[in-house]
Amino acid sequence: MGQQPPLYRAGAPAPSGGPAARTQPWTHQHGGRVPVSRRALSNSAAPDLVSRRLGLTRELGWVQKALLLLPGQLPPTHRRGGSHTGNSGWDARQQRALRAMQSPPHWPPTPGALRPSPFPHPVLHGLHDLARGLLFPTYWALDRLLRCCAPDLRPRRLASLCATARTAAALLLLLTCLPLALPGLPLWLLLQVWRRPFCYQPPPHCWAPPAPWRPAAEPARSFGFLSVNVCLLPDGLARFNNLEHSQQRAEAVGAVLLSGLRSSRYGATGCSPPGPGAPGRVLISSLPAGLDFVCLQEVFDLRAARRLVNRLVPALGPVLYDVGTFGLQPGPHLKLLGSGLLLASRYPLLRAAFHTFRDARREDALVSKGLLSAQVAAHRPRLRPGRGGGPSCTSRRGWLGLAALLQAQLGFLDGHRVVGFLHCTHLHSPNEDGPVRSKQLTALLDWAEQFEAASGHGDEVVAFSVLLGDLNFDSFSPGDALEQQHQLFSRFRDPCRLGTRQEHPWALGTLLCTARLRHPVACSPELLLRALEQEEGRQHYLAGPPRGGPRPKPWRGRRLDYVTYRGAPGSPLSPVEEQVAFSTAFAGLTDHLAVGLQLRVSLHA
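Residue numbers for the sequence shown follow full-length UniProt numbering, beginning at 1 and rising by one.
What the hints contain is simulated information worked out from the structure, not anything from laboratory work. Don't take each hint at face value.
Here are the in silico distance ranges between beta carbons for each label pair [what the hints assert, rightly or not]:
#1 Ser574 with Gly499: 17 to 27 Å
#2 Gly548 with His519: 19 to 29 Å
#3 Arg530 with Leu175: 45 to 55 Å
Just so it is clear, CB atoms sit at the ideal spot from N, CA and C, and this is done for glycine as well.
Construct all of the structure, not just a fragment, from the sequences and the given hints.
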């Protein structure tokens, strides 16, 4: 029989009194001292059923005391200078905390809600892998050919002769690989009928999600959001943006995200955000602190997407990737590339949906751009049981005992599940197609409303609804007048916006000048930060107006990337922006700045 896993509650303070507290051993887990059962420390066999129940009773008693005696929740007679009056407020808080300990609605969601495979049967998945394997040599050869056709902004000797030789070799390679694509393409097109429009990578069993939010005991919590266009196109297409080596850049993007996540763990454990003296709107060279949700755009290359997923899932949590509807679509359109969207979350994902824009034009007609919507839960899911009734995990860091499972039941407000909504998108790219983007904005608002209404059950409390992504229009260009006046900004709040064609003075453009992406300053987060703090640097490294229009003074650049939010009408929870950040952390890896938003969601008094 396996050894009984230790029982602990992550981050719990040491009990201050009682004989059990004085004799209870302690260990360090997740940065805090937590009690460990002596039975778990012994090398004897697992205790019998009666001993287990007695141990659970002791642990449950400490959890109840910690819940009811949290700072700020003491009865008036125990507060400094308190009196015996006002007990009604204490009783109400006590009853609310006790109700939160009752059994929650069904959790976790049914396994079929978000399954890893995008196909309903393993045979279809295997056939799809076979079709992609047959198509890959042709795809790779075509990518080499496009790379030869892309303009090279770095002058070289004998450039034209070398380009001609490379083009001839790539064309010969493409013709050689075409016979493999002939059976692969019809099979791939046929299988798209059964394909779900995204892949879901669940977290490992040892996943350590954020501490569950109990608004009754913790009236406010901060949530961090990040949006960035990483331009992970196939190499041949990335060269048109003066970028290359998408696989290496994907590894570097993942490394930047991981380094930022490690330095901002306080946002994942519910600790306090920066104090009142911290700036509310900042330009930084690192990632914003306290990230909980990351939305990436233009992750078109599937190999690059898998590299990112392999890095993000162990450190962050569940990921949605390879998003889009491929093959023949109504229009008719042939979609050869997905939407390029990738969503990673620290919190459990309950469900997701994707809708494709139907009115794409030009080069975007081959791309399955649309809206990815996801519902997240602000509490911890139940872990899969392992041997001996304990959770199954391959990492010592991931052991969670019965006290942690009880905390999953405490992640509710008055017995209702706390949820949030994320809507990620990337709009039509060509500058001259403003009416197309305006139609897409109208469509995505309708889809967002439908997605949120579909989960409008009485057992849920909505904390926030966030719409983020690359919208491909700015606040001053005359050609973007339709988008600037769209009803989007009456339904979602843009923290950088003052009104139509008006922005806060601290708002910064997010599109970099393509011709200068290889400059040493543009490849260094610290040097680019210093340059963008000056008017001359912004003129030099931020992209100018489309079609060579006049630049407003002072020049702040074109802000194409947005993070907007709203609350839910009638919800007891209210979101307010706490910090907006523009980050140069991905300098040299993409042609966009990253945009971060920190929301503080609080419980109404």
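Taking the Cβ atom of Arg530 and the Cβ atom of Leu175, is their distance within the range 45 to 55 Å?
With a Cβ separation near 50 Å, Arg530 and Leu175 satisfy 45 to 55 Å, so the hint holds.
Is it true that the C-beta distance of Gly548 to His519 lies inside 19 to 29 Å, as the hint says?
holds (21 Å)
Status of the given 17 to 27 Å range, CB of Gly499 versus CB of Ser574
At roughly 23 Å between Cβ atoms, Gly499 and Ser574 fall inside 17 to 27 Å, so the hint holds.
Hint violations for this structure: none, all hints satisfied.
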